[in-house]
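K.L.:
With the hints as extra help, turn the sequences into a complete structure.
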Amino acid sequence: MKISRWLRFAIVCAAMVFVFASVAQAAVSGKLEIFSWWAGDEGPALEALIDKYEKMYPGVNVVNSTVTGGAGVHAKAVLKTRLLGGDPPDTFQVHAGQELIGTWVVADRMEDLTKLYEQEGWHNVFPADLVKLLSTDKGIWSVPVNIHRSNVMFFIPDNLSKWGIGVPATWEEFLKIAPDLKAKGVIPLSVAENWTQTHLWESVALSVLGPDKWEKLWNGELSWKSPEVIKAWEMFGDILEYTNADASSLSWQQATDMVVKGQAAFNIMGDWAAGYMTTTLKLKPGTGFGWAASPGTNGIFMMLSDSFGLPVGCPNRENAIAWLKMLGSRDGQDAFNPLKGSISARTDSDLSKYDAYLQSAANDWRSNKIVGSLAHGVTANERFMNDFATVMEIFLQTKNAKAAANAAEAVAIQAGIGR
Amino acid sequence: MIILPSIALLAIFVYGFIGQTLKVSLTDWGREAALALHPEISYVGLKNYHELFTGFLNMRFRQDLANMFFFTLAFVGLSLFVGLVLATLIDQLVWGETFFRTVFLYPMSLSLVVTGTVWRWLLQPRGGINVLPTLVGLPAGEFLWLSSREQSLVFDWSHILYYICIIVLVVMAFMAYGHHRRGERQQFRTKAVISAILMGILVIGVAGGITLLDYPEEHGFNKAIWGVVMAAVWQMSGYTMALYLAGLRTISDELREAARVDGAGKFQIYRYVDLPLLKPITVSAVVILGHIALKIFDLIFAMAGPDHVPTSVPAITMFLKTFRGNELAVGSSIGIILLILVSLLIIPYLANSFKTGEQ
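Protein chains in written order, with the numbering used here: chain U, 1 to 419; chain V, 1001 to 1359.
To be clear, the hints were calculated from the coordinates, so they are not data collected in a lab.
Backbone N, C-alpha and C fix where the C-beta goes; we use that ideal spot for every residue, glycine too.
Nothing false has been slipped in among the hints.
Derived BS3-like pairs (lysine-lysine); straight-line CA-CA distance at most 30 Å:
| no. | chain 1 | residue 1 | chain 2 | residue 2 |
| --- | --- | --- | --- | --- |
| 1 | U | Lys132 | U | Lys216 |
| 2 | U | Lys182 | U | Lys282 |
| 3 | U | Lys402 | V | Lys1047 |
| 4 | V | Lys1266 | V | Lys1279 |
| 5 | U | Lys80 | V | Lys1047 |
| 6 | V | Lys1295 | U | Lys80 |
| 7 | U | Lys353 | U | Lys282 |
| 8 | U | Lys184 | U | Lys284 |
| 9 | V | Lys1223 | U | Lys182 |
| 10 | U | Lys402 | U | Lys182 |
| 11 | V | Lys1047 | U | Lys225 |
| 12 | U | Lys402 | V | Lys1223 |
| 13 | U | Lys353 | U | Lys284 |
| 14 | U | Lys325 | U | Lys52 |
| 15 | U | Lys176 | U | Lys225 |
| 16 | U | Lys325 | U | Lys132 |
| 17 | U | Lys138 | U | Lys216 |
| 18 | U | Lys80 | V | Lys1023 |
| 19 | U | Lys52 | U | Lys353 |
| 20 | U | Lys399 | V | Lys1223 |
| 21 | U | Lys369 | U | Lys138 |
| 22 | U | Lys225 | U | Lys213 |
| 23 | U | Lys162 | U | Lys282 |
| 24 | U | Lys325 | U | Lys80 |
Some but not every residue of chain V turned toward chain U, in silico, with C-beta under 7 Å:
| no. | residue |
| --- | --- |
| 25 | Ala1033 |
| 26 | Ala1036 |
| 27 | Leu1320 |
| 28 | Arg1324 |
P.N.:
See the structure below:
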């Protein structure tokens, strides 16, 4: 009998512990599911954010749902089926700008964050040009975690002096020095697969159009068939004459490698290439590799950004808002960005935490004119971007600037650009 | 009763969803706010299909169709040929048969994504296969395996209906000739009438200058496809080898014996005894490989990425249109077109095997 009494006591104790434990958990509040495509190289940066969050809110169990691969192609497909099926994550990674607005905001799937921006004083620390790209007339839709720059030209300073050339300030200058380089057996400009060609195109178009007309292209005031845009396509075609023929089977890293190995002189890439050269190839920013704004775009910062938003009907809304608050804070941004190889969207970040390249980018971020990138989802919705890949193929196949401009105009109308 | 649950599941998850896809493909789901809780969707009839085959911006889909057609021809043809050669050689082996059988069958156990990734590396323009010749002192290869933009067999899409007409006509005429030779008058007459009608349509069409588009649009056999064909043949020829090997084993030695008595040589036995008896196996292999080729997605996605039009196929465009461009209706239409193409291949085969089964 003694044993059974002990047993009963033990059961009661266990039950009480269980009840208390579950009550305690409910009080500090449950879960936060973060959906992203950050794994591999970018994984540690996300982990740093999650660690920080768990320290601030120890009761919350963070579920890190990543779907890897293909620059988010797979993750976006999974996300779409989840939202269509009525099972949204608490918050998800999305390229800031039209990629979010054109897909999720017009579908009334996101909550307006204007209140949060006012409450946290973000209007004072995020540049106004940036907030404009994140907003529609109905609200502000996401919190940017990082800023990358798209219009950067990379080169190796020692190689340039060996070949006796300088850094071209305009594409005309580039086209002047390119034939000599080609005669020396050096590829003047390296490019890689389809999206990097779109990436190059936006830098060229920005230099031909200038920031004001670039913006007008996206709010529908400038036609795709206008002579300026056709000129941009022609310039792009001239530049492609001086690129490598095997482009479409290379990854962007391989195009960067060509510059590092001295097979190519220049490469236009987003500033993740700086991170690649610093971290993976162990080159020193400034001496090991050099950079400049892509020709004809000095003083303009073409940005892209990963951001997080608040989906309507997410299960743990309060936790998600706490997450967004942390992302927008100075500490949160400075914890994430040095690891990710990008800069803080805030103009008051602590520059001592960043390397030489990122410091220079951050200084430009604070002083330059800011415009959005096409290749990375800021200025155009997903439908336009999807079909623009086809427009690019039409141009690469036919090298006909007019045909490409006509096709782009048709795509812009169908996708409702500027409406 | 036992199969009832599986019938119910099949009805919902296969035929129900095919019906759903068909329904979506007749709408305009995919305009602004496609992913809203209650998106505005209206019925547009066959507009999506019409756009896919004639719309200016859907040029990519048409090149995809051409790619798929040439890929299927090259892949099925080469797999059959390589498989047959391997099976014949292994059949002659005195020892080591199991070993070689395993070696050649092994690639089939890999996932297509793995095959694609490995071959992507092998086919890098600056490495892999292109530097092989340097091992024996020859200059490195220059061919851009996956990124070549050269085309051969270029045709004008606006005349596509004529080409289809001509292909069907040739096949029909060929079959009619066969019936005629075997003295099957009834069948001969049917085929001859169909041929004549096609000929008539063709003459009227060409004479009237009827075209699908009002401007010429050129598509062709992209040379970049060869890279994908190589990887696919590497993966699947072991399978055809196994099929043929099994076929060769079922041919009774008595038949060969009889041929030998009649004075046939080794090659003659192979040509006139073995090969004709392998015909049913070839038909099955064509159907199985053919439907794999029509649905191919993962191999190309892994080898060349999503936006590489020279090697793109309809399945990839379907994925991108639906999940990246949010054009769900257009994606569904491409899905239905693929379904029709695969059924064109499989239904005659199934019908035929049911018929022989009953006999």
